[in-house]
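Asker: First to last, the protein sequences are chains A and B.
Mapping to my numbering: the first sequence position 153 is 153, numbers consecutive.
Mapping to my numbering: the second sequence position 142 is 1142, numbers consecutive.
Just so you know, the hints here were simulated from the structure itself, not pulled from any lab data.
For every residue, glycine included, the Cβ atom is placed at its ideal position computed from N, Cα and C.
Any given hint might turn out to be false.
Claimed, not checked - Residues from chain A shown here face chain B by an in silico Cβ test under 8 Å; the list is partial:
#, residue
1, VAL51
2, ASP53
3, PRO95
4, ILE98
5, ASN99
6, GLN103
7, VAL104
8, ARG111
9, VAL112
10, ILE113
11, GLY114
12, GLU118
As the list claims (entries may be wrong) - From chain B, some residues computed to sit far from chain A (all C-beta separations above 10 Å):
#, residue
13, ALA1031
14, ARG1036
15, VAL1058
16, ASP1203
Unchecked claim - Okay, the calculated beta carbon distance ranges per label pair:
#, chain 1, residue 1, chain 2, residue 2, range
17, A, GLY157, B, ALA1184, 49 to 55 Å
18, B, LYS1084, A, GLN103, 42 to 48 Å
19, B, HIS1128, A, GLY114, 35 to 41 Å
20, A, ASP53, B, ALA1160, 45 to 51 Å
21, A, PRO140, B, SER1265, 49 to 55 Å
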Amino acid sequence: MKHTLSCLVKNQRGVLAQVSEAFASQGINIESLAVGETEDTRVSRATIVVVGDEQTVSETERQCEALDVVIELEDLASEEFYARELLLIKVRVEPDTINRVMQVAELFQARVIGMSDETITLELAGEHRAIDGLLKMVRPLGIVALARSGQIAVPAGDEKPREDHIDAPTSAHI
Amino acid sequence: MAVAAAGEPAVIAALSNAMDERLVRPVLVGAGDRIREIADQQGVDLADVELVEAPDPVAAAAIAVKLVHEGEAELVMKGLVRTKDFLRAVLNQEFGMRGGRPLSQVALFESPDRSRLMLLTDSGINIHPRFSRKVAIIKNAVQLAQALGMAEPKVAVVAAVETVELPTMPASLDAEMLRRMGEAGELGRCVVDGPLAMDNALDAHTADLKGRSSPVAGHADIIVVPEIETGNAVYKTIRYIAGRELASIVVGAASPAVVTSRSDSTNTKLYSIALGALLS
Chain A
1 MKHTLSCLVK NQRGVLAQVS EAFASQGINI ESLAVGETED TRVSRATIVV
51 VGDEQTVSET ERQCEALDVV IELEDLASEE FYARELLLIK VRVEPDTINR
101 VMQVAELFQA RVIGMSDETI TLELAGEHRA IDGLLKMVRP LGIVALARSG
151 QIAVPAGDEK PREDHIDAPT SAHI
Chain B
1001 MAVAAAGEPA VIAALSNAMD ERLVRPVLVG AGDRIREIAD QQGVDLADVE
1051 LVEAPDPVAA AAIAVKLVHE GEAELVMKGL VRTKDFLRAV LNQEFGMRGG
1101 RPLSQVALFE SPDRSRLMLL TDSGINIHPR FSRKVAIIKN AVQLAQALGM
1151 AEPKVAVVAA VETVELPTMP ASLDAEMLRR MGEAGELGRC VVDGPLAMDN
1201 ALDAHTADLK GRSSPVAGHA DIIVVPEIET GNAVYKTIRY IAGRELASIV
1251 VGAASPAVVT SRSDSTNTKL YSIALGALLS
């Protein structure tokens, strides 16, 4: 089963290695990982998408939470959350496929951000399913290059108050 | 020609002119008393004109379109009925005039040197057409241009610039992609170029000055605008600043539809009827 984990970590050197190691030690493959600073520059939010059985993932979550660098870890499957992913994709265009490529872009509300003699580059920010949907439709037309940011997510609703676990301000290290 | 909701003075005046010119034989659909009253005021003789009673403008649109659907008329004209109600009748699945293509408006006007006719599209139906709709708009206009004798019309897809500017000017990208489709013959028998600024489309010398060599520059038969704001402004600029008359027609349906604005002059209405008659 797929799990989307939102992990608040201290913004310091080596944090990603420690968190990744916790998953690797349980044999869990990380499907996507996106990290960035939060509203508190001393804290980063890592959105980690993993696939694994309930028990193994729960055990890994406990191991992560035990790490000194992890402030809070939530499995977002248990609550409502907003998740988005960014896709940049370069699609081959021929005169007889231009209309289809443009129709797909319009259908998914993807933006055309570049073009060349042979390709169009599209940008789409959206839910995982929308990204997959667009990919499915343009694949037969010829994907020349693509990059996905990995999912970022925040829980819906009000934020719970959290204790300040940060001892001293640090500069960004991740 | 079936006229939906014909009880409007400007429509009756235009029809009177059209009958004088023997362009059409109108069938007037609407409130008979009101139509007769206007005709009396204008001294128009309706003795040989068929009147079909309709309780309201929406019903009048439906009846007028049905007359075309059933072969009783070859052409339909909008009178005093809202454009969206009229077009809804045209597109009705049971009794409408669907032609397998999206509808678009094409306006016909004289070239700046008055040596030939030019087409402008779409100035009245499609608000912010997406790319695929622009393809249909061009195909509609090309078909109309060919019906008017332009065997291989030159199509200028206009934008504010001559190069693709992303992401700020998406119309320039559409124009470039349409040019490529045109070059490959995907838009029918025509020569397509874009993006072209309006001055380049109309004046070959300006295009030369800007280093924009193009077979279409200065010779455009069809001007394709990116959205309705531009189309509407160009249409009214031709009318009110250049002082030229236009004719306009809605194409894409099985038969053409004359959809004029209340602010159009009597001549523009007459020319639009003439264009519709020519095409039907």
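Asker: Is the distance from the Cβ of B/HIS1128 to the Cβ of A/GLY114 consistent with 35 to 41 Å?
Answerer: Taking Cβ atoms as reference, B/HIS1128 and A/GLY114 lie about 22 Å apart, which means the hint is violated.
Asker: Should the hint that A/ASP53 and B/ALA1160 are 45 to 51 Å apart at their CB atoms be regarded as holding?
Answerer: At 58 Å between Cβs, range violated.
Asker: Min Cβ distance, A/VAL51 to chain B: is it shorter than 8 Å?
Answerer: violated (35 Å)
Asker: Run the C-beta distances from B/ASP1203 to all of chain A and say if the shortest one exceeds 10 Å.
Answerer: holds (27 Å)
Asker: Closer than 8 Å between Cβ atoms is the bar; does A/GLU118 clear it against chain B? Give me holds or violated.
Answerer: Violated, because the Cβ-Cβ distance from A/GLU118 to chain B comes to roughly 11 Å (cut-off 8 Å).
Asker: Classify the hint on A/ASP53 as holds or violated, based on whether any CB of chain B lies nearer than 8 Å to its CB.
Answerer: Since the shortest Cβ distance to chain B is 44 Å, the answer is violated.
Asker: Hint validation: A/ASN99 versus chain B, beta carbon distance must be below 8 Å. Holds or violated?
Answerer: Holds. Min distance 6 Å.
Asker: Once the shortest beta carbon distance from A/ILE98 to chain B is found, is it less than 8 Å?
Answerer: holds (5 Å)
Asker: Taking the Cβ atom of A/PRO140 and the Cβ atom of B/SER1265, is their distance within the range 49 to 55 Å?
Answerer: With a Cβ separation near 52 Å, A/PRO140 and B/SER1265 satisfy 49 to 55 Å, so the hint holds.
Asker: How about A/GLN103: closest beta carbon in chain B under 8 Å, or not?
Answerer: holds (5 Å)
Asker: Taking the least C-beta to C-beta distance, is A/GLY114 closer than 8 Å to chain B?
Answerer: Since the shortest Cβ distance to chain B is 6 Å, the answer is holds.
Asker: For the hint on A/ARG111, just tell me whether its beta-carbon gets within less than 8 Å of chain B.
Answerer: Cβ of A/ARG111 sits 6 Å from chain B, so the hint holds.
The structure does not agree with the numbered hints 1, 2, 7, 12, 18, 19 and 20 stated previously, though it agrees with the rest.
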